[in-house]
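Participant: Each chain, letter by letter, is given below.
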Amino acid sequence: MTAFVSIIRVTLRQLVGRKRAVGFGLLSLIPAGLLLAASRARDVEGIDTDLGALVVTPYFSVVLPLIALIFAGSALSDERRDKTLSFLVLRPIGRLQIVVAKTLAATAASTMFVVVCATLLCVSYVVVGGEINVLPSIVVGGTMACVLYCSVFVLLGYLTTRPTIVGLLYVLLIENALVEELPRISSISPWRVGLAATIDMMPQSFPARAILGAIGNLAPSMPSALGATVVTAVVAVGISTILLSRTDSV
Amino acid sequence: MTELPHDPAQVANATVQVNAVSKWFGTKVAVSDLTCSFGPGITGLLGPNGAGKTTLLRMITGLMRTSEGTVSVFGEDPKKETKVYRRIGFVPEDDAVYGFLTAREFVRYAAQLSKADTSAAAVEKALSKVNMLSSADRPITQHSKGMRQRTKVAAALVNDPDLLILDEPLNGADPAQRAVLIALFHELAAAGRTLIVSSHVLAEVERMTDRVIAILDGKLAAAGGIRAIRSAMSHIPHKVRIEVDQPRQLGKVLLDLPAIVGVQVQGDCVEIETQDLAALGSFLPGAVRENSLRITRFETVDASLESVFRHLVKDRL
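Each protein sequence line maps, in turn, to chains A and B.
For the first sequence, position 185 matches number 185 in my numbering, and the numbering has no gaps at all.
For any residue, its number in my numbering is found by taking its place in the second sequence, counting from 1, and adding 250.
Same shape as in the complex, but just chain B:
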């Protein structure tokens, strides 16, 4: 794991405390010895698909038992103390909605189950926060994925929760809807609520928060501020693919550049790994002129979040 001062996986005033938690299904380990905490504000739970984010969130909510370790929410075990659910709002990744209800009925049902204010005004308020009032009286089956997503968020907000757990809440939302939801999350965080937002898209999390818990293969890969994680990622080579008429010639020239970590020629393409993308950018035009090369395509092969995290995890193994 990336070494950061004062155990960045922990916060001082934790709302949710995860202690040495593991979860396995038969022989498959979904979460392994994970310790972290979440406090007021937004924390991004980051990791590629299948990293264990949803399993961790389900253990935090009490939907799943831990195989080992403990989870406490507001100092209680949610599996045993159902009263903590008065203070929790959960937006699952799945389309967990009743299609035969309208959005308004669904949100009211959530309020009734949470023993919250079930008045028309309270339901209206929750729906208006996610811009769903205009479609509130249509059956959910007629809603788009983004609308269903916002309806779930409204249902999670109707009991005015202190802790909001959102599993990939921006999935299916268009850019305008994303902006509405992100603004809403910022507003809730500013009001002192704890928000845990899982995502597999780094840029998405970056728009919401600076604090991140990153997991890979069920293990803690990195924790702390996005900047700290970005800086930990800075030594990971960038990969660039160039389509050129003389790939071997270009490869030979590039090997003289100190920032180049590796060169691989594949057909008409040269795949380059470099520590310094800027240096490559300034070197390339001159090399092309001097060697009379003709570049037909240049692309950075964006390192996936998974490969970045894998790199971070490799450091501690």
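Here chain A stands alone, though its shape is the one from the complex:
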């Protein structure tokens, strides 16, 4: 097994402990549970509206940032807290490999729960009369948002000893309050970028127009979202690598 794969494997074990698995598992049930509860007195069109609303809140704007924030923020900051960073960096491997492995591990862990959450939501949508074809778009958009959050929050985990608090403040104050007021800065909101891709990929039959307002001034475009994701991830990973190389790793 290569050093790169080993870092991913050990980081996944480090990140996904039993408590987190149970906690995030329960969190993943919330959107599906809400849809089932809301569906009781609805017709099919009403169910579409409910799914749209639940995809925005809580799936994209609450569950996804929370999971990604905790996993990604811990990926490097736990190594600093536990003093194991020296174990990792005093090796014949490049800092870029370490950062990419950490980011991939955090993304994989986050995506796993986000996909479970999306799947449960879509299964409950099918149960109340919808179609399963909405699942790929929600999964792809969610995965993109996970990549965005993880690449930025891994960096945050290196810069601060309290990445979860700083990240939560960002999500609550900047993403969910400031961007709401200033839609022209929607591009700094990772979940909106992911949602833009989801809206673009939704099947024609689904009334995705109803949730267009949630993405502010972003275009509902999968290629644009992908471009933003790639650029942000590359820049964040680059900055993390430079910091890991040029600062004291203790």
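Source of the hints: derived by calculation from the structure; they are not laboratory data.
Yeah, the Cβ is synthetic: ideal placement off N, Cα and C, and Gly gets one too.
Please note that the accuracy of each hint is not assured.
[Claimed, not checked] Computed footprint of chain A on chain B; a stretch qualifies when at least three of its residues, placed anywhere within it, have a C-beta under 8 angstroms from a C-beta of chain A:
#, segment
1, 312-318
2, 337-345
3, 362-375
4, 522-532
Add chain B to chain A, keeping to what the hints say.
Facilitator: Using the frame of chain A, we list chain B on its own:
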């Protein structure tokens, strides 16, 4: 600094060269203009807590940048050339272990990261060197401090390093474990490896090596053989505390003894500074008899390593 011939801080075939290195954190100077080198065999890095040993070791490993000066390991700057880490094993002072892994998994992970032999046999060999095979499959969180220490040593050995840097490696180890580790360090040194072992306990270092680099307040306090350092320390007065029924009388009598440097009476105690502990020992019984004194307690107040080094450093200021 103690004057010793041929700059005892330097060795001819240096594996690690530290040149005029300084490190400061804001206004606090942790290491100041330190020049020394380390070669095959064991070198003790000695100094009291907070002397700058860990900072120096971190700069040698490349974990920390120098504020001034240069460090080279096998002729390379470890901060720039990560390939030198194939030849380095590092045991940090901190409990730098992944608690959720077993000792075996931890050592295997170290081998994978070092691009070394990751076979079960190689991992087993490293664990057996530190007597950890019997506990190798328990999560590290269940290990004692001494076991975690030995696991870290096994992880540092798994890539068969030419340079082993050990920061307070005997911390938490019981006497039997210490003996195992010290024997292992001797074995590695005999095989031509370079070992840098930091400690704040002189006796501990003395069991491992004769060559010592002693630092205090980030400065080089002494370097060379333990004997040379001990002899440099010989002019430092010993301090003795005696609890006696007539402290003033004893103090007065002792002042007549030429080897006595100072006498201080504090309550029931007399604190004595002497250059010659043996002379004091032979003088005291007669003085007690003649003056009808009753001594209830006699103790040598062991001069701490810090005070010894401070004395050595004072000589060069």
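Participant: Give a verdict on every hint.
Facilitator: Cross-check of the supplied hints:
Only residues whose C-beta sits within less than 8 angstroms of a C-beta in chain A count toward coverage, and the segment 312-318 of chain B has 4 of them, enough to reach three; the restraint holds. Remark: the segment 337-345 of chain B is confirmed as covered by chain A, as 5 of its residues place a Cβ nearer than 8 angstroms to a Cβ of that chain, reaching the required three. Given a C-beta distance limit of less than 8 angstroms, the hint that chain A covers the segment 362-375 of chain B holds, as 5 residues qualify and 3 suffice. Evaluation of the coverage hint for the segment 522-532 of chain B: breached, as 0 residues show C-beta separations to chain A shorter than 8 angstroms, against a requirement of three.
Hint compliance for this structure: hint 4 is the single one not met.
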